[in-house]
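Visitor: Turn these sequences into a full structure, and let the hints guide you.
Each protein sequence line maps, in turn, to chains Y and H. First residue of the first sequence? That's 1 in our numbering, and the numbers climb one at a time after it. First residue of the second sequence? That's 1 in our numbering, and the numbers climb one at a time after it.
Source of the hints: derived by calculation from the structure; they are not laboratory data. Among these hints, one or two may not hold up.
To be verified - Here are the computed distance ranges between Cβ atoms for each label pair: (1) Y:Glu-37 x H:Gly-67: 45 to 51 angstroms; (2) H:Arg-3 x Y:Arg-53: 47 to 53 angstroms; (3) Y:Glu-37 x H:Gly-35: 42 to 48 angstroms.
Ideal placement from N, C-alpha and C gives every residue a C-beta, glycine not left out.
Here is how the chains run, residue by residue.
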Amino acid sequence: MANELPQPFDPKYFPGSATEPIEKKPPNIDNKIVVSEKKYGISKPRKIVVRARIVND
Amino acid sequence: MIRTTKVEIKNIQRISQGDIFRNVDLIQSVSESEGNIEIHKISFPLIIVLTQDCDLEQDNRFRSEPGIPNQDKYLLSVLVAPLYNAEHVYTGEHLSELSMTMRTFDRKSNSVMNPLQNNSNPRYHYLNFPTDVAIVPSIIDFKHYFSVDVEELRRLFSEKYICSVSELHREDVSQRFTSFLARIGLP
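Guide: Written out as structure tokens, the structure is:
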């Protein structure tokens, strides 16, 4: 009679348990997102003043 | 969905319409007094070339090919417009380093409802670059443009050139710019 009862870790009742082989899916290359470091356009326009003095030799 | 602007890296070293350069200066004034020289300028992180491409091609050909008897097709300057970081434009802070406060924009997530992203405001042009191009989403303000000496830009080409907006997209920029410039201000 006891054998007719479900076993505690019977995969039939506990799918995904340690007794069930884990299916490993390959990475989906088509959905790969290329992330680049956006290095241009981060800063704002800025004002610059250049001062120089003419020196006679 | 935001449209992505197609760009390319050119093999040839000549200035073209739609080229994007970095760190280009607008010289505001140069003064001299008693041996002291003072230069005021604005340094723009990014600019895009607006000059008509056939003019740029002729300018390059006349300067490069030997035996041309005159300088009839030489340009004096190249018309450019700054690219502003879109995030700064939304908050109106893109010219804060110049002590200027600009209007703000409501940032709607839906691009159809976003007047900047869908280019429904004729004053602005939104450029969303592909992920492999190292430029943040940017906006051109057609009220802001200036000229750069053509020989100076040719000299700095290899140092400052980043990429070029593809032909169809640059035509879109050019057409919208000229349309905005030629608008009639009715009272």
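Visitor: Could you work out which of the previously given hints the structure breaks and list their numbers from low to high?
Guide: none
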